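Could you slot chain B onto chain A? The hints should help.
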Amino acid sequence: MPGSQRNGVDAAIALLLALVAHNGEAKVSILRRDIGAPRASFHRIVRALATAGLVEAPRGRVRVGPRAAAFISAHADAVRRDDDLRGPRSLKPYGPPPVSRTAEVAERGRIVLSRPMAACRSGCFRIGFSNASMSNPWRVALVHGVEYAASHLRDRIERLTVLHAEDEAVRQQADIQRMVASGVDGLIVSAIAGKATGEAIRDAMARGVAVVLVDRGVEASVPRTSFVTGDDAAIGRLTALWLAERLAGAGSIVLLPGDGAAEPARVRLAAARAVFERFPRIEALAEEWTGWRREAGRSIMRKAIARFGAAIAGVWCDSGLQGAGSLQAFLDAGYRPSEIPPHTGGDLNLAYKLAIRSRTPLAAVDYPPSMGIKALEVLLTSLQGGWTPSSVRMESSVIITQGAATASVAPDLWAEDHVRWDLPDDLILASGMGASYNPRRFRIHYPGNVYNRSAARSPSRASI
Amino acid sequence: MSVTQTKGVGGLARMLRRLSDGPASSVADIASAEGLSRSTAYRLAKRLQIAQIVARDPSGKLIAGPGAVALGYGRFGVTRLHGPAEAILRWLRDHCDATTSLTCADGTQRVTLLCFSASWARPGAAARGATITHEIRNPSGREAARLEIACGANLGKARRAEIDALAQRAKATLEHHLREGPEFPPGIAT
Chain A
1 MPGSQRNGVD AAIALLLALV AHNGEAKVSI LRRDIGAPRA SFHRIVRALA
51 TAGLVEAPRG RVRVGPRAAA FISAHADAVR RDDDLRGPRS LKPYGPPPVS
101 RTAEVAERGR IVLSRPMAAC RSGCFRIGFS NASMSNPWRV ALVHGVEYAA
151 SHLRDRIERL TVLHAEDEAV RQQADIQRMV ASGVDGLIVS AIAGKATGEA
201 IRDAMARGVA VVLVDRGVEA SVPRTSFVTG DDAAIGRLTA LWLAERLAGA
251 GSIVLLPGDG AAEPARVRLA AARAVFERFP RIEALAEEWT GWRREAGRSI
301 MRKAIARFGA AIAGVWCDSG LQGAGSLQAF LDAGYRPSEI PPHTGGDLNL
351 AYKLAIRSRT PLAAVDYPPS MGIKALEVLL TSLQGGWTPS SVRMESSVII
401 TQGAATASVA PDLWAEDHVR WDLPDDLILA SGMGASYNPR RFRIHYPGNV
451 YNRSAARSPS RASI
Chain B
465 MSVTQTKGVG GLARMLRRLS DGPASSVADI ASAEGLSRST AYRLAKRLQI
515 AQIVARDPSG KLIAGPGAVA LGYGRFGVTR LHGPAEAILR WLRDHCDATT
565 SLTCADGTQR VTLLCFSASW ARPGAAARGA TITHEIRNPS GREAARLEIA
615 CGANLGKARR AEIDALAQRA KATLEHHLRE GPEFPPGIAT
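Just so you know, the protein sequences line up as chains A and B, in that order. Take the first sequence: its position 235, counted from the start at 1, is 235 in the working numbering, and no numbers get skipped. The working numbering runs 464 ahead of the 1-based position in the second sequence.
Next comes chain A alone, as it looks inside the complex:
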């Protein structure tokens, strides 16, 4: 640019960045053109940087010098220190929840990564969590998980705000807009299906706010930093296969899926149906959404028992949230231990308790609420300038009551070893919050709450 002047320091910085752009080495003529420095000034800058070992200048070229390579070890040491503190070798009680190897092995092709939304930033971040609803104990555990992670990662968090949308997409849209307006750096969203939430997420991303989806996603076209979830297809497929094999490929079943408005429930049901189609002698007597509510499961099964009685050979539930209601309905109807047909669906402590007490064969793949912990970890990595996988799937174990394994579905854990008789019925297992986690006595402190109160009990709506 004729007539303009530039400080030598700026030109030196531009030269270093140009070397980054050229993968570490380029011709002098190209670098001079890139940074727009006169020949004499350019060589003076190169000489100064070469004296410090930051660059080398073999004939006609400039390349990164040996001293610059030392930045790598400084960075690697910093990464190792951080990993020792928070990674799998951490000696603190907080450990990162396991991710699903099986789900990733089944995939082909490269791993899709998300670039960090913002430039690398140190310091603390303001985080918002827009939670779809608080309609069942699993959702309470999800909120507790996010808060638990916020407590353990508090050195990186200025404030965590949690808002519940009570299953209303318009309300969730307003919540997200409100949190963005209040200046959050990143958002965790457990989304309600619908355009309104998608639009709010799109707007947030356009304004430079990183968004990590957890549990429930939005349309694939909506940009996001990452989506942390479980392997819903495996939950549907494995439990259906177990039930079909348990019935020796023949029998009448009742299907009690979760919430028709939630993507995980639809994916699980589709996977289960695909399995049952391979067993033509398995007949579905009834199929009804339960909204993952125990009472709905109980009332639907009460009617089904009255109508079909002993013809019911098995009950497929995608979760124990409604599965516990179904088991209760059989007990209400006077079924004795060992008489209740096989059930599927885990998550809820009560479902395991009822199945074991009534000696009902049960298979489950828990949908881990520890995904809330992982979602916050992924969000903070992105906010600190790190790349992140665009999809993260959490590990789930296959849990079966003793003696009920089938040819194709073996347990990772026996239900008898998984159940917690000493903890409340509404405990959600696989929470990632340690063996002492009790949802009824959960107290937590993190930047943004008061009196150690969880937002699952007192949403901090008024405080933003």
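Everything labelled a hint here was simulated from the structure, so no lab data went into it. These numbers were taken from a predicted model, which means no experiment stands behind them. Where is the CB? At the ideal position from N, CA and C, for every residue including glycine. Careful, some of the hints might be misleading.
Said to hold, decoys possible - In silico contact screen, one side only, chain B against chain A (beta carbon under 7 Å); selected entries:
(1) V473
(2) S484
(3) G486
(4) A528
(5) L535
(6) G538
(7) A569
(8) G571
(9) G616
(10) G620
(11) T637
(12) H640
Below, chain B alone, put in the same frame as chain A:
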């Protein structure tokens, strides 16, 4: 365009050399160690921070920023792996529970760019089981880096096959970024 003065470049180079030594330093410490006036050191630090060549840790001390680390990767011709490599190595470690590292040749020696330790790994201890190595090739087909996966003991056949499958995906991703990655790591001012 003309460059008015190049006097400050020496100070900038000394500041960067000091930071490459590793531990985070305050601007005041660097200024006194390198014989720079505080105001000059603060001005230099501010410019380097804007360019993302330096960053500040939570205590406010200066550390190497993503631009400086990318420059270091440039020494081995793998600038574009800075960023993706960290995510991929951590992903691979988390899924395989194996120690994952990325190394480059530096003459007759190998330099470790990044390493993530498995849950069972102890500092300085040898791998318990097999080590799987994949060459990461640049677009011209030459080895640019090596991905090494040190597995735990008693690796069964099925587990080994799973780790191989995941390692192949990691290798494909790293080679993709070497080939088509962004010219500048995100966030670095050009």
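task = With a cut-off of 7 Å on the beta carbons, see whether G616(B) makes it to chain A.
result = violated, 12 Å
query = Can the hint on T637(B) be confirmed by a CB-to-CB distance to chain A that is less than 7 Å?
reply = Status holds, d = 4 Å.
request  = Tell me if S484(B) is really an interface residue toward chain A, meaning its C-beta lies closer than 7 Å to one of theirs.
outcome  = At 4 Å from the nearest chain A Cβ, S484(B) passes the 7 Å test, so the hint holds.
query = Should the hint that H640(B) touches chain A count as held when the rule is a Cβ pair under 7 Å?
reply = holds, 5 Å
key: When the least beta-carbon distance from G486(B) to chain A is tested against 7 Å, hint result   = Check passed: Cβ of G486(B) comes within 4 Å of chain A, closer than 7 Å.
ask   = If you take the shortest Cβ to Cβ gap from G538(B) to chain A, is it below 7 Å?
value = Hint holds; G538(B) Cβ to chain A Cβ min 3 Å, cut 7 Å.
query = Can we keep the V473(B) interface hint, with Cβ of chain A closer than 7 Å?
reply = holds, 4 Å
query = Taking 7 Å as the limit, does the beta-carbon of G620(B) come near enough to a beta-carbon in chain A?
reply = It is violated, given that the least Cβ distance between G620(B) and chain A is near 13 Å, above 7 Å.
ask   = Do the numbers back the hint for A569(B), that is, is its least Cβ distance to chain A under 7 Å?
value = violated, 12 Å
message = Using the nearest Cβ pair, does L535(B) come within less than 7 Å of chain A?
response = Holds. Min distance 5 Å.
request  = Grab the minimum C-beta distance from G571(B) to chain A and call the hint holds if it beats 7 Å, violated otherwise.
outcome  = The hint is violated - G571(B) has no Cβ within 7 Å of chain A, the shortest such distance being about 10 Å.
ask   = With 7 Å as the cut and Cβ atoms as the points, is A528(B) at the interface with chain A?
value = holds, 4 Å
Hint violations for this structure: numbers 7, 8, 9 and 10, all remaining hints satisfied.
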